[in-house]
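Since chain F is already given, all that's left is putting chain R on it; use the hints.
Each chain, letter by letter, is given below.
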Amino acid sequence: MRGDFAQWWRHRDKSFWVWLLAVAVLLVLVINPLLRLVLASFQQPNGTFTLAYYAAAYGRVRHLDALINSLVLGASAATLCLAFGLPLAWALSRTDMPGKGLVWVSILGTFIIPPYLGAVGWMLLAGPNAGWLNRAFVALAGTDAGPFNIYSMPGLVLVTACYSFPYVFVFAKSALDLLSSEMEDAANILGAGTLRTTLSITLPLVLPAIVAAFILVFLEAIALFGTPALLALPGRFHVVTTQLWQFFEHPPRVGVAAAFAMPLLCITVLLFWVQHRITRRKGYVALTGKGGERRPVRLGRWKWPLLGYCLAVCMLSFFLPMVVICQAAFAKAWGRGFSLDNLTLRNLHFTLFENSLTRNATLHTFLYGGAAAVIALALALCLAYVVHRQLVSRRLGDVLSFVTMAPFVIPGIVLAIGFYAAYTQPPLALYGTAWILILAFATRFLPIAYANSAAAIRSINPELEDAVRILGGTRFTAIRHVVAPLLKRSLAGAFIVVFIPATRELSAAIFLYSTNTQVLSVLLFDKSDEGNFEMLASIGLILVFITVVLILAGFRLMGRDFMLRRTAA
Amino acid sequence: MSKLVLRNVSRSFGNAAAVEDFTLSLQEGEFVSLLGPSGCGKTTTLRMIAGFIAPSTGTIELDGKVISSPASSLPPEQRQMSMIFQSYAIWPNMTVAENVGFGLKIRKVRPDEIRRRVGEILDTVQLGALRERYPAELSGGQQQRVALARAIVVKPAVLLLDEPLSNLDANLREEMRFEIRRLHDEFRITTLYVTHDQAEAMITSDRIVVMSKGRIEQIDAPYAVYGRPRTRFVAGFIGRTNFVEGRLAGDAVQFPGFRVPKSALEAHGALADEVLISVRPQSIQLARQQSLGGAGHCCVPARVALRAYLGEYWDYQVELSGAKQRLRVTARPQEVFEVGEPVWVDVDVAQLVVIGTD
Chain F
1 MRGDFAQWWR
11 HRDKSFWVWL
21 LAVAVLLVLV
31 INPLLRLVLA
41 SFQQPNGTFT
51 LAYYAAAYGR
61 VRHLDALINS
71 LVLGASAATL
81 CLAFGLPLAW
91 ALSRTDMPGK
101 GLVWVSILGT
111 FIIPPYLGAV
121 GWMLLAGPNA
131 GWLNRAFVAL
141 AGTDAGPFNI
151 YSMPGLVLVT
161 ACYSFPYVFV
171 FAKSALDLLS
181 SEMEDAANIL
191 GAGTLRTTLS
201 ITLPLVLPAI
211 VAAFILVFLE
221 AIALFGTPAL
231 LALPGRFHVV
241 TTQLWQFFEH
251 PPRVGVAAAF
261 AMPLLCITVL
271 LFWVQHRITR
281 RKGYVALTGK
291 GGERRPVRLG
301 RWKWPLLGYC
311 LAVCMLSFFL
321 PMVVICQAAF
331 AKAWGRGFSL
341 DNLTLRNLHF
351 TLFENSLTRN
361 ATLHTFLYGG
371 AAAVIALALA
381 LCLAYVVHRQ
391 LVSRRLGDVL
401 SFVTMAPFVI
411 PGIVLAIGFY
421 AAYTQPPLAL
431 YGTAWILILA
441 FATRFLPIAY
451 ANSAAAIRSI
461 NPELEDAVRI
471 LGGTRFTAIR
481 HVVAPLLKRS
491 LAGAFIVVFI
501 PATRELSAAI
511 FLYSTNTQVL
521 SVLLFDKSDE
531 GNFEMLASIG
541 LILVFITVVL
551 ILAGFRLMGR
561 DFMLRRTAA
Chain R
1001 MSKLVLRNVS
1011 RSFGNAAAVE
1021 DFTLSLQEGE
1031 FVSLLGPSGC
1041 GKTTTLRMIA
1051 GFIAPSTGTI
1061 ELDGKVISSP
1071 ASSLPPEQRQ
1081 MSMIFQSYAI
1091 WPNMTVAENV
1101 GFGLKIRKVR
1111 PDEIRRRVGE
1121 ILDTVQLGAL
1131 RERYPAELSG
1141 GQQQRVALAR
1151 AIVVKPAVLL
1161 LDEPLSNLDA
1171 NLREEMRFEI
1181 RRLHDEFRIT
1191 TLYVTHDQAE
1201 AMITSDRIVV
1211 MSKGRIEQID
1221 APYAVYGRPR
1231 TRFVAGFIGR
1241 TNFVEGRLAG
1251 DAVQFPGFRV
1261 PKSALEAHGA
1271 LADEVLISVR
1281 PQSIQLARQQ
1291 SLGGAGHCCV
1301 PARVALRAYL
1311 GEYWDYQVEL
1321 SGAKQRLRVT
1331 ARPQEVFEVG
1341 EPVWVDVDVA
1351 QLVVIGTD
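Chains as they are written, first to last, in our numbering: chain F, 1 to 569; chain R, 1001 to 1358.
Bound-form chain F, shown alone (with noise of 0.2 Å):
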C-alpha cells in the first residue's frame, strides 16, 4: 500500500495543486458571493427561512415605479443607442464619408469617459437654470428661463446612451466589416438601388448583431448606477439601482437589497442567455464567412449630412460635456464662463497634492485597480490553462469556465450586494478593508481577464511545452521559460484591459468602500451634492488622464483597436 502511495505521489503531477487552488479562489470569488446573495434575500440574521424581505421590497408602489422606470430607461437608452451607434457604425465601415478619422477619435474618447463623469458634465450644460445651454438659451431667445432640465427621465435616457452607444458602434461595425460588397452587388445587379439594397440586404444580414447590442445596452442602462444617483436623486425618482443604494443607507438592509436585486439578476441572466443564442446562431452565413472584396459605398452630395449627423452625436456625448468639464476643472468658479482671468491650476494642484482626501483616493484608485488586475489576470491564467490544455475532464472544464465567466453577467451593483452578504462576518470579514473592494474588482473583471487570457493561451502550440516537458522540464519550468516569455505582450495588454474598467468602477464600490478606503470614482460621487463642479471635473480629468495614458500603452502592445474590438466590449 505504502509503495502504491508512493509511486501515485511520484507519478502525480506537481502542477495539480495550483489548478486545486485557483479552483478554491473562484469559489470565494464567484460561487460564494452568489450564493449568500440568494441566502440573504431569503434568511433571518437567526438563520430561519422568510420572505419578509421580499415583501418589503415589493410592497410599496414606490419600489415597483423603480423597476418601472429601470425598464423604461433601459429600452428608450437601448433605442436611443441604436439611433446614435448604427448610422456611425454604417458610415465609418461602408461609406466614403469624410472625416472618419475625427468620428473615430471621438467614439474612443466616448469610451474613454466615465459615464458618471459625462453625467457631470451634462449637470453643468443642461441643469435647470444655470447650465451652459440654458444660459445661451436664455440669452438667445430673450425667455426667463431656460426649458432644459437634465434630472429628468429624458435627462437620463440621453445620457445613458451617450455612454452606452460605443457597444452598439462596435457591434455594427464588426458585423459590417465582415459584409462583402459582392453581397450588395448581388443586388444591385438585380436592379436595387443603393437605399433598397441597405434596407433589404445589409441591414438584415448585421440584424443578428444589432439585436446582440441593443441587449447588451438595455442590460448596460439598467445596471448603471453612477448616472441615475446624480441625476435621478436629484430629479426626486428612483430606479433599481437608485433604490438599492437607498436600502444600504444606515442601516443597511441587506436582506431587503438581496431581494430586491433579484429582478435585476434575473433579467441580465435570461437577456444574456437570448443574446448569446443569437449571435450563435447560424443561419446568417455574413457573420461568420470570409469578406470578400470590399467598396465603399458612394454618397454623393449625402455625404456632409452624414458627417454632420456623426459630429453632432459626438458633440452630445464628447466635445460638449468634455468641454465644460475642462472649463470647470481649470476656472476658478465655473458659473463666471470661459476668459482667461477665470483660468487657474488651483483646483487640480488642491486635488492632487493638497487635499488628503482626494489624494489617497487616487493612490487607492491605482493601488486596487493594479491589484484587482493582476489577481483577476492570474486567476484567468491558471484556469484559462487548466481548461485549454485539458488538465481536466472536458466537462469539468467547461463547468470552470461557466464559472469564470459568471461575472460578466452580474450587474455590478448585484455582486457587491453578494460580497456584503458574503463578507462581512466572520471567517472572512473582509468589509471595511481594502481587500473586498480589491476581490470585488478582481470578480467584477476576471470574465475580460478570462476572455483574453484564453485567447493567449490558445494561440501557443501546446507542442511547445510537451517539448520542454520531454526534455525533463516540469510544467512550471514550461511555463517559466516558454509560455511566460511568449505571452508577455499579450498579458500586458490584457492587464490593461482590466486596470481601465477597475480604476473607474462605482457600482461595486460604492457598496463596499469605508471611510479609509474610497476610490477616485465614489468620491466625485460623494462630493457631487456638495454643488463643487471644479472639485468634481478635477477628479474627473485626473480618471481621464490616467485612462488615456494606460490607452496609449495598450497602442503600443496591442495595436489601435484593442479597446474598440468585440471581445473587449
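In case anyone wonders, no lab produced these hints; they're calculated from the structure. All the given hints hold, so there is nothing to weed out.
Listed below are the simulated SDA-like cross-link pairs for lysine to any residue, each with C-alpha atoms no more than 20 Å apart in a straight line:
1) K1065/R to V1005/R
2) K527/F to S356/F
3) K1105/R to L464/F
4) K303/F to R196/F
5) K100/F to P305/F
6) K1108/R to R480/F
7) K1155/R to E1030/R
8) K1108/R to T474/F
9) K527/F to W245/F
10) K1105/R to H481/F
11) K527/F to R346/F
12) K488/F to M1094/R
13) K1213/R to G1239/R
14) K1108/R to H481/F
15) K488/F to A1136/R
16) K1105/R to T474/F
17) K1155/R to I1106/R
18) K488/F to C382/F
19) K1105/R to R480/F
20) K1003/R to T1023/R
21) K332/F to G531/F
22) K1065/R to Q1078/R
23) K1155/R to T474/F
24) K1155/R to Q1078/R
25) K1105/R to K1155/R
26) K1003/R to T1059/R
27) K527/F to S514/F
28) K1262/R to A1249/R
29) K527/F to N516/F
30) K488/F to Y1134/R
31) K1155/R to E1120/R
Per the computed footprint, the stretches of chain R lying under chain F, defined by three or more beta-carbons under 8 Å from a beta-carbon of chain F, are:
32) 1068-1080
33) 1103-1112
Ideal Cβ placement from N, Cα and C applies to all residues, glycine included.
The following block gives chain R in isolation, referenced to the frame of chain F:
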C-alpha cells in the same frame, strides 16, 4: 534485454478506441517506425510512450521498470526521453544555441560543458554558423535540424519522432530522411518514428510496425513488409499491388486465367478454400512471345486494356484472356505495347504472396 516494452497497451477517448492491444518491444539502439494512415492511433501510441497520455489498459516499461500503467504514469519530464514534434516546437523566444542547450541546462550540466556539446551537435547537423540566430530567422529545414539537435544532445534513453518531416517540401523531405538515418547510425539512440509516409519508414527503419484502426497489422523489416505483406491492408497500404482471388482445387489453386500448384505458394498455415494473393506490378513481366516460363513461372495470355506513361516507367493494365481479372503491370520505358495488343503475362510464382483472409 529489451529497452522499451509495450504490453497489451490500449487507449480509448470516450467510447472511441484509439489504440487496441498494442504489444511491441524495442531493442537497445533499434530504429522502429509506426506506419499507418492518419487516425490509426500511431501518434496516440507515441504520446503514451512519452507520458503525455496514460494508457487505458496495459503497461509500458523502460529498462524493465513500469513507467506507464492505467493506475499511474510517470510524468514526461522524468522519463529521460526526447521527442521531435510535428510542429518542431522550437521555442521562438530562445536562440538556436539556447534551444539546443535547454535540456542540458535542466540536467544541470556545467555551462562550459553545455557550450561544448551544443557546438558539437550543431556542427553535426551543419548549423554551427547559426547558433545565435532566432528560430524566426531560420528556414523550415534548419528548424528541423535544430529540433533534431535539441533532441539528440541530451543523449535520451529513447528518441521519439512524431511525423517530423510532414511540414517540409518534397526535396528537403527526401534529404532529411537520410539525415535522420545517418544521425541514428552515428548515435545509436533507441528510436521510435511515427509517419504516414512509407518511403520515410522504409529508408530510416530497422523494423516497421504497420498500424490500421488502432491495431497492429504487421511488424517486420522493411523488405518483408513490402515483399511479404501479411494482411490485405498492409499489401494495399505499402506500395501498389494486385489482389487476385483463387479457389483451392486438389493440389493446385485455380486463379482466373491461370493455375498454381499448391506447393509453390508459401502460406502461413494451411490454405483455406478461398485464397487471396497479392502480386506487385513490378513482379509481372509483359512479352510478345510466350516465354518458356520454366519452373516457378506462369505464362498467361492477356490483352492491354489501359496504359499510362510516367516517364520513369509504363503503367499498364492488362486483362487476362477468358477472365474478368485485370492486373496492373509496371514496365520499363522501352517496353512499349499498344492498347488492345495481345500480350503474354509472365508471373513469378515466388512473388505471389498469400494474404490471410480476414
